[in-house]
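Visitor: These are the residues of each chain, in order.
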Amino acid sequence: MKWFGSLIFGCILFVSNSFAAGSGDVVLKHKDWSFSGPFGTLDKSAMQRGFQAYREICASCHSLNYIAFRNLSDLGYSKAEIKAFAAEYEVEDGPNDDGEMFMRPGIAADRFPAPYPNDAAARAGNGGAYPPDLSLITKARANGPDYLYSLLTSYKDAPGDKEVPDGMYYNAAYPGNLIAMPQPIYGDDVSYADGAPADISSIASDLVYFLTWTAEPSLEKRKRTGVKVMIFLLIMVGMSYGAMRFIWSDVKKA
Amino acid sequence: MSADKFSNPVVRWIDHRLPIFSFMDHELNEYPTPKNLNYFWNFGSLAGVSLVIMIVTGIVLAMSYTPHVDYAFQSVERIMRDVNHGWLLRYIHMNGASFFFIVVFIHIFRGLYYGSYKAPRELLWILGVLILLLMMATAFMGYVLPWGQMSFWGATVITNLFSAIPFVGDSIVTFLWGGFSVDNPTLNRFFALHYLMPFLIVGVVILHLVALHRFGSNNPIGIDPSGPQDTVPFHPYYTIKDFFGLSVFLTLFAAAIFFFPNFMGHPDNYIPANPMQTPAHIVPEWYFLPFYAILRAVPDKLGGVLAMFGAIAVLFILPWLDRSPIRSGNFRPVFKIFFWVFFADCIALGYLGGMPAEGIYVVLSRVATAWYFLHFLVILPLLSVIETPKPLPQSLSKSVLGGSAMAGAASAVKEKV
Numbered sequence: 000m001k002w003f004g005s006l007i008f009g010c011i012l013f014v015s016n017s018f019a020a021g022s023g024d025v026v027l028k029h030k031d032w033s034f035s036g037p038f039g040t041l042d043k044s045a046m047q048r049g050f051q052a053y054r055e056i057c058a059s060c061h062s063l064n065y066i067a068f069r070n071l072s073d074l075g076y077s078k079a080e081i082k083a084f085a086a087e088y089e090v091e092d093g094p095n096d097d098g099e100m101f102m103r104p105g106i107a108a109d110r111f112p113a114p115y116p117n118d119a120a121a122r123a124g125n126g127g128a129y130p131p132d133l134s135l136i137t138k139a140r141a142n143g144p145d146y147l148y149s150l151l152t153s154y155k156d157a158p159g160d161k162e163v164p165d166g167m168y169y170n171a172a173y174p175g176n177l178i179a180m181p182q183p184i185y186g187d188d189v190s191y192a193d194g195a196p197a198d199i200s201s202i203a204s205d206l207v208y209f210l211t212w213t214a215e216p217s218l219e220k221r222k223r224t225g226v227k228v229m230i231f232l233l234i235m236v237g238m239s240y241g242a243m244r245f246i247w248s249d250v251k252k253a
Numbered sequence: 000m001s002a003d004k005f006s007n008p009v010v011r012w013i014d015h016r017l018p019i020f021s022f023m024d025h026e027l028n029e030y031p032t033p034k035n036l037n038y039f040w041n042f043g044s045l046a047g048v049s050l051v052i053m054i055v056t057g058i059v060l061a062m063s064y065t066p067h068v069d070y071a072f073q074s075v076e077r078i079m080r081d082v083n084h085g086w087l088l089r090y091i092h093m094n095g096a097s098f099f100f101i102v103v104f105i106h107i108f109r110g111l112y113y114g115s116y117k118a119p120r121e122l123l124w125i126l127g128v129l130i131l132l133l134m135m136a137t138a139f140m141g142y143v144l145p146w147g148q149m150s151f152w153g154a155t156v157i158t159n160l161f162s163a164i165p166f167v168g169d170s171i172v173t174f175l176w177g178g179f180s181v182d183n184p185t186l187n188r189f190f191a192l193h194y195l196m197p198f199l200i201v202g203v204v205i206l207h208l209v210a211l212h213r214f215g216s217n218n219p220i221g222i223d224p225s226g227p228q229d230t231v232p233f234h235p236y237y238t239i240k241d242f243f244g245l246s247v248f249l250t251l252f253a254a255a256i257f258f259f260p261n262f263m264g265h266p267d268n269y270i271p272a273n274p275m276q277t278p279a280h281i282v283p284e285w286y287f288l289p290f291y292a293i294l295r296a297v298p299d300k301l302g303g304v305l306a307m308f309g310a311i312a313v314l315f316i317l318p319w320l321d322r323s324p325i326r327s328g329n330f331r332p333v334f335k336i337f338f339w340v341f342f343a344d345c346i347a348l349g350y351l352g353g354m355p356a357e358g359i360y361v362v363l364s365r366v367a368t369a370w371y372f373l374h375f376l377v378i379l380p381l382l383s384v385i386e387t388p389k390p391l392p393q394s395l396s397k398s399v400l401g402g403s404a405m406a407g408a409a410s411a412v413k414e415k416v
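Just so you know, the protein sequences line up as chains A and B, in that order.
For the first sequence, numbering that gives the first Met the number 0 begins at 0 and goes up steadily by one.
For the second sequence, numbering that gives the first Met the number 0 begins at 0 and goes up steadily by one.
Bound conformation, chain B alone (with noise of 0.2 Å):
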């Protein structure tokens, strides 16, 4: 990359010296991707303008924050009443949680389906499962900061889950609570990792592109681009495209915040936090009842918890589970179906996590839970050794045209098997 591609002279001296326009002229303009990844693909910068916005209004909402126990759940009252646009700041960050995690998951369940874990993208797949354990822990913490009675109970709970691990259990609740119950410490300290976990983030972010742009994007085929035939530059194709689903994504965004704007949360979380009522029902927010349901499926508190931890521990793990060298679900007969039967089963887990554990919810809660498992450590293995796959495409372009399947692909696919 010469700096000659620049007209502008100050642009020129400045890149001969510090090559930051090379750089994004390379990987924001110039950067070769699939022509044909379709609207699934959009979810990642969704998840990207998600996370500025998170940490844009979280800034501005924390210069009016008080956390104190005592003024906490008022100060958050007084940003919705009498701070100029607090209203309007604060449900943006309370939905905004959720809209992430929507985005998020479709983003993950995107790479479930295409394979896009599989290699040369192993380390990018980690990364991606590190940020949504980074995340859980940011949107846990910040739905305590309100204080109110769900911020208070739902605290008091998932801490108290540590206390499972043996001998050290109790030590480290009260490590983590700095004090012997939810307390003011416990507030403060969320607060702090609350502000310090979205920059952390951010720094994840930025390797789990770093990993992306050494191989590009997956596409729904799963092969790779043989040229640049198959390829169209980022700028301004993918820039427009992802351009266009964000302006859908903010539709739907602005419609929640200002019209529904506390459909996602709890009512219980408007009334103080009182740690002498426990409220009738303790539920954390949607997006965490799957591994709720999946903590509660198992009678043993300690192994509820592995379970839970299990969950998320088996995405790490993923890229060595499926063998399978075909990346798209579209050529895995098969796998296609367990596929949906497996996001069948999450939201069947995100249901349960919802219902009170009793009859025959723990019933079916274990079972989604057995399933949850059995199709990572099971189904996945075994699928990539007695799958037949379909005929692949021999290239992207033939199939953009809509090219017949060529023999010649699959054949070279089974030798690698």
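So that you can see chain A by itself, here it is in the shape it has in the complex (with noise of 0.2 Å):
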């Protein structure tokens, strides 16, 4: 146990180090988005599309574990479309009367079911790498959106002096630079129903949108609430000092 506690401690003192070594190599790419700020709003055709971007890019080795279809509706889509896009998925339930697990179409009460059955599964499809659950992902790292954004938009050729291993990738904007994800985005990769643009920088950002969303789904709620409280307040703030005064006149000068 001793050698245990002495390398957790080692840790503290040292992990440190490659860290501050990891993190100098990122560059962040940085972009106004519409969400930020006090009075953000998430924008909702973007979020569909980032939605679809998901659908057809990402959710082939990503899990989405922390979504229902129900959730759907904050991205404007109606009752009957998110009982359409359930249904198109198999989903695992029971046991039945007789004891077996069999196979339903999704209804909008269930989650997204995950590429994998297991993080073992998912690492031995992909290489070793874990693919991470995307729910909370842009919550999950420093300046998440922008984050995002950048490494979905930063794959390069690696500089002259860059040894990349076989099965990793570089990434300007990926701590280390070395990332085993291959470059998910080319451009096209997806046709846009809107007809909105669809080059590598349009899709990373409409899944930027759609991932914000998932990680808060009560984001746009707790800004609009929040200007209200602050309103609400900052009134409160000006009458007590306005009673303070009255009730202190009397004392001060004395």
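Hints may contain errors.
Said to hold, decoys possible - Covered stretches of chain B (chain A as the covering partner; in silico rule of three or more C-beta atoms under 8 Å from a C-beta of chain A):
id	region
1	78-92
2	233-244
3	249-260
4	263-275
What the hints assert, rightly or not - Examples of chain B residues toward chain A, derived with CB under 10 Å:
id	residue
5	P31
6	K34
7	Q73
If you're looking for bench data, these hints aren't it; they were derived computationally from the structure.
The structure displayed is predicted, hence computed values, not measured ones.
Each residue gets a CB set at the ideal place from its N, CA and C atoms; glycine is no exception.
Now that you have both chains on their own, put them together as the hints suggest.
Guide: Take a look at the structure:
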């Protein structure tokens, strides 16, 4: 047990070094997102496009465990559309009266089925690298939206002095610059129904909108409530200040 | 206090048998309070309100939280997504911890500057330090509950500190964990204790208030009120002032909750705990960073742990380290300089605790740690002997009027020295 304690203590002292070394190589692109700032809102059509891009590009490896089909109403889809989306998936249910598990078409209350049955299968299918669940990804990385956007658009040829091992790819936005995920977007990977541009950065941006929503479906509501609460509190500050001055007026002069 | 002062017969009947109304009238209404308190005296009531906010949101959150390694992270996300206004409750609780510490740290520095720990308020101060300790334990265990990466690894690192204790260290760690690593039993007991400890804090807060009301608040001048002309009744003068302070506090608090709720958190805690994968950079919550810096500054593990706990322990004996009879830093020109140096030292420790332990940061951490202890153990005892204080005003009223310093009071003080 002692060695373990020492190991952990060593972690505090020295692991930070590798962090400092890794973060030095990261170049993030900054974009002005519509959801930033106190009055920020999520762009519904961008989220719908991002949802399409997720299904057609990301979903073959990345799960979306915390999102149920019913949540898609936030994106502006009708009940009928949501039912139709859900029905496209086969979901395992059961056990039935015979004790057997069975497959049935998805319903609105189901969560997105994961592409792999478990973590080990996900690793095995991706050369040992684990494709993380994307539900919370924009909150689980520093500067999440910018990071995700940069990651998706920063695949390039490695500089001459950087050796890229087999099964790894060069990415200017990834800590350490070597990532196991091959370039996912090349442009025109999806054809949007609304005719929006489908170049690399547009698709990446749409995905950021969609995944910012999945990370915090209450984001818009939070900011809208916040503005009302702030107005209320600022009035309360003003009134209580006035009341305080009034009550204290006979003391200060005494 | 006679019950006659209440006109309502029901109140009178009850008060005669259970003098709760007299008690409230005495402690919250007519309670004489120095009339020269500045805004730094708002932070005690703000800390009390913060505690209530944390307990109320915490109890409601516990109704939807599952303390199990397989479900804890999921249940927190369920609160964020599917529980009505769960996101609001959780963001209030999460940011409330940070704001509670901001308020309490300001409250403590107020006490340090104005000498609120000096006779006859030593026990009041010691109870306050005890509250700080309980808060730290509660906050640490609360941070473990969402079972994210930082929860897990923070718990692993901090509980491992106890293994530094000679001979019995490893057994103590096993005992804390309820097993041989941070796992489900650890999460369960941390949840149980996280629910319990706020109520212990309430108990100590009540004692803190009893001790406070024995001699009343200290004040920026640091001399005792000489009579009714120096005080005002607590209500309405300080109830309204505390209410105004509360409004400002809630405004800043709401801005954090609604517009940058994750600013004071760590993104890694939105990744479910994974015992097989160490995060690149394990950092505690910001309010622990000064103590974390002290822990890392000492090259020896046991030494680091002792220094970290010593940093709190030294606060317990502070009333006997600073022997100067002058309470307020306003009248201690040399102390005042060292107070601000010490304040800067604490900020520096906080910054250094968040930096990687390498190169210049290690050296700076050691200097800052040494200064922290030097301030309490050498500078304060020395200053109480060699410093010549400025003359004190004769009374609070005079100072409120902007009256000149009185030579008589100063000579009286010198006799006491």
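Visitor: Does each hint hold? Answer for all of them.
Guide: A quick look at each hint next to the structure:
Counting residues of the region 78-92 of chain B whose beta carbon lies closer than 8 Å to any beta carbon of chain A gives 5, which meets the minimum of three for the stated coverage. Evaluation of the coverage hint for the region 233-244 of chain B: fulfilled, as 6 residues show C-beta separations to chain A shorter than 8 Å, against a requirement of three. With 8 residues carrying a beta carbon less than 8 Å from a beta carbon of chain A, the region 249-260 of chain B meets the three-residue requirement, and the given coverage holds. Only residues whose C-beta sits within less than 8 Å of a C-beta in chain A count toward coverage, and the region 263-275 of chain B has 4 of them, enough to reach three; the restraint holds.
Evaluation of the P31/B hint against chain A yields a violated restraint, the C-beta minimum of about 13 Å exceeding 10 Å. Below 10 Å, beta-carbon pairs count as interface contacts, and K34/B has one with chain A at about 6 Å; its hint therefore holds. For Q73/B, the interface hint holds, since its Cβ comes within 10 Å of a Cβ in chain A; the closest pair sits about 8 Å apart.
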